[in-house]
Amino acid sequence: MHPKERRLILQHADTPGYDTSIECYIKHGGYVEQRKAYQMKPEEICQEVLDSGVRGRGGAGFPAGMKWKFLDRRSGKPIYLICNADESEPGTFKDRQIMHKDPHQLIEGMMITAYAIQAKLAFIYIREEMPYAAKILRKAIEDARAANLLGENVLGSGYSCDIIVHRGAAAYICGEETGLIESLEGKRAYPRIKPPYFPAALGLYQCPTIVNNVETLCNVKHIVAMGGKEYAKIGTPGNTGTRIWCLSGHVRNPGYFEIECGKVTYGQLIHELGGGLRPGRKLQALIPGGSSSKVLRGDERFKGKLRDGTPYDWSIEDIPLDFDSPMTVGSMSGSGAVVVVDDSVNIVDVLANINEFYAHESCGQCTPCREGSLWMKKITRRMANGGARVEDVDLLASIGDQIAGRTICAHGEACAWPTQSFVAKFRNEFVAKANETPDERAKREFRLV
Amino acid sequence: MSTQVKMSIQLKDETLREIEAVIPRYPQSRSALMPILHAVQADLGHIPLEAQEWVADKLGLTPIQVREVVTFYPYYREHPIGKRYIRVCRTLSCALNGAYKICDHFKREFDTDLNVISPDGRVTVEFAECLASCGTAPVAMVDDDLYENLTEEKVVEICNRIKQETPSSTQE
Ligand SMILES: Cc1cc2nc3c(=O)[nH]c(=O)nc-3n(C[C@H](O)[C@H](O)[C@H](O)COP(=O)(O)O)c2cc1C
Ligand code: SF4
Ligand code: FES
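If you're matching them up, the sequences are chains S and B in order.
Straight run, no breaks: the first sequence in my numbering ends on number 449.
Straight run, no breaks: the second sequence in my numbering ends on number 1172.
One or more hints might be untrue.
[What the hints assert, rightly or not] Derived coverage of chain B by chain S (criterion: at least 3 residues anywhere in the stretch with Cβ under 8 Å from a Cβ of chain S; other residues may be distant):
| no. | region |
| --- | --- |
| 1 | 1031-1037 |
| 2 | 1074-1085 |
| 3 | 1155-1165 |
[What the hints assert, rightly or not] Cut-off 27 Å, straight-line C-alpha distance, at most; resulting in silico cross-link-like pairs (DSS-like, lysine-lysine):
| no. | chain 1 | residue 1 | chain 2 | residue 2 |
| --- | --- | --- | --- | --- |
| 4 | B | Lys1083 | S | Lys135 |
| 5 | S | Lys77 | S | Lys263 |
| 6 | B | Lys1012 | S | Lys139 |
| 7 | S | Lys282 | B | Lys1083 |
| 8 | B | Lys1101 | S | Lys443 |
| 9 | S | Lys229 | S | Lys263 |
| 10 | B | Lys1012 | S | Lys443 |
| 11 | S | Lys194 | S | Lys69 |
FYI, nobody ran anything at the bench for these hints, they're computed from the structure.
No experiment lies behind these values; they were computed from the predicted model shown.
By construction, the Cβ of each residue, glycine as well, lies at the ideal position given by its N, Cα and C atoms.
Let the hints inform the model, and build the full structure from the sequences given.
Okay, here's the thing in structure tokens:
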């Protein structure tokens, strides 16, 4: 563990000898918080989570306690809990660590959450590409059931709830919560339009449903342990708790780092925890929160006033690692995936790589997303392969501008934001691409598309 | 259920048991479609049309309700692939660390192209999108196993092991 880390969720995960068995988890104080929670009233737990200010770790950063408040409890229909373990936003690999190394922490977080929202049944929707994690979780669930920690009449409380592990089939759009729900119903993962299909009102089987990310649900256990108000002291106001950041790309020491929100900057993450760039390389671009977050230019300066009036004047290196600061500079922290791009690659090629992803993953329901993502991919691929024209930059911008806000789900934004931001911030590079020689292309270390 | 769809393809007893067990686990049986398709594909290697009809019958769905799911999700396939399934991540963090070259090495070792069965029948190599292991890029999966921090040497080693473990279809 790096001294700048503060490990809450990954407290034990990398300790030598710590394994995924229930015995090991219990020996390290596991399932104590569940017992404590089951002595509380469900509303009291919801209040603690609200007080904690914990925000969703899956992408949107929406306060979990608030989401739970929106739950339609009057409909008389059963309530469902879904753990979003689809982890597919490019650059993200934090939920993988939790599920492979500390599965019972997730089960405990889920069983507390399920009780708090009075769910009838809970699901873990896990991506297909993590077959071992699915096995580990199933085993953990069996062992927890044998210990009466889930299933019928849990811990003698009179409350019953089971957890079903449901595997995906390699479609990114199943990470979008309403696409996930459709998928769980045995259909194509076509996201539903909101309103009216907010899961908290009309979710799985048209019943009230809470969807939370793996890391979010693990936090619930720690909120119960220390109380919401104590938890809120970790991090900074509005950005509470720790977050697991995933650092990858052109850094010498990529990996995951759990950090108290707002206490470390992107610069420290890249240069101290991540070991910096390769010798002689410069930061060309930074993707601050998963590949759909708007790109930042290596030499950009961000100036303005924070919400409380304090002026800021930041380089990328100065931006605090939390939820709000990346938004302050016009991007987002998304899923916590930080991808570093140095000056060894051509920036158009980087966008071409990203566009391949979104074109592949569009579910195809909305014309702007389906066609737009495909056009953007085709244009940037042609540009990367030597067919760039000066006017491409405006063409790309015009396509990007016609997608966001015109689609059923946020994949529309996710596929448009990279193109819009790359083109806006690297305009000269996109124009210059037309003059790139085959020699220059051949000299590059790697092909990106 | 109602009409018995006959299948010339035989599922293993164990697969049938798994399928019977998974259906009642869900509040609505249609939710069992994906786990059933996983089981069928694990058994047969792919999901042919007649298996889809059988599944539809099992769940009281129309065949198209099954086929639209099979064709929507990249993991499900209607046609056989090589004996081993190699998926090389090509998404950004892996690409920045040489994923496309890594993929070329896999293709070279089996003298094959993307998305087709290799001439020796041993493998199918495909690109995958971000496998959620970007911190150890570049990565690839061989069937269920993840291989990280790949280099040309590691790829050759993995491919040699595959060649030892998996008989070629051409040398009878
Ligand atoms: C295209 C798209 C993909 C998404 N993928 C994921 C994902 O892989 N994992 C995840 O937890 N959330 C993902 N989300 C966010 C979910 O829709 C949802 O907001 C989240 O699971 C809620 O959990 P949280 O509030 O705990 O963050 C995605 C959203 C979109 C629009
Ligand atoms: S925005 Fe894209 S992914 Fe989302 S529903 Fe529309 S077509 Fe599907
Ligand atoms: S980009 Fe390859 S694992 Fe994420």
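Quiz item: Are the Cα atoms of Lys1101/B and Lys443/S separated by 27 Å or less?
Solution: Distance of about 14 Å is within 27 Å: holds.
Quiz item: Per the coverage rule (Cβ-Cβ under 8 Å, at least three residues), is the region 1074-1085 of chain B covered by chain S?
Solution: Holds: 3 residues of the region 1074-1085 of chain B have a Cβ under 8 Å from chain S.
Quiz item: Regarding the pair Lys1012/B and Lys139/S, is the alpha-carbon distance no greater than 27 Å?
Solution: Between Lys1012/B and Lys139/S the Cα gap is close to 24 Å, so the pair holds against 27 Å.
Quiz item: Within a Cα-Cα threshold of 27 Å, do Lys1012/B and Lys443/S meet the stated pairing?
Solution: violated (53 Å)
Quiz prompt | Stated coverage of the region 1155-1165 of chain B by chain S [criterion: 3+ residues, CB within 8 Å] | solution = Check failed, 0 qualifying residues.
Quiz prompt | Agreement of Lys1083/B and Lys135/S with the hint, judged by alpha carbon distance not exceeding 27 Å | solution = holds (23 Å)
Exercise. Take the C-alpha atoms of Lys194/S and Lys69/S, compute the straight-line distance between them, and say whether it is at most 27 Å.
Key: Given pair Lys194/S, Lys69/S holds - Cα atoms ~17 Å apart, limit 27 Å.
Exercise. For the pair supplied as a hint, Lys77/S and Lys263/S, confirm whether the alpha-carbon distance does not exceed 27 Å.
Key: violated (43 Å)
Self-check item: Restraint status (C-alpha distance of Lys229/S to Lys263/S at most 27 Å)
Solution: holds (19 Å)
Practice problem: Measure nothing beyond the straight line between the CA atoms of Lys282/S and Lys1083/B; if it is 27 Å or shorter, mark the hint as holding. | Solution: Roughly 44 Å between the alpha carbons, so the hint for Lys282/S and Lys1083/B is violated.
Quiz item: Are at least 3 residues of the region 1031-1037 of chain B within less than 8 Å of chain S when you compare beta carbons?
Solution: This one holds; 6 residues, not fewer than the three required, reach chain S with a Cβ under 8 Å.
Hints 3, 5, 7 and 10, counting from the list given before, are not met by this structure.
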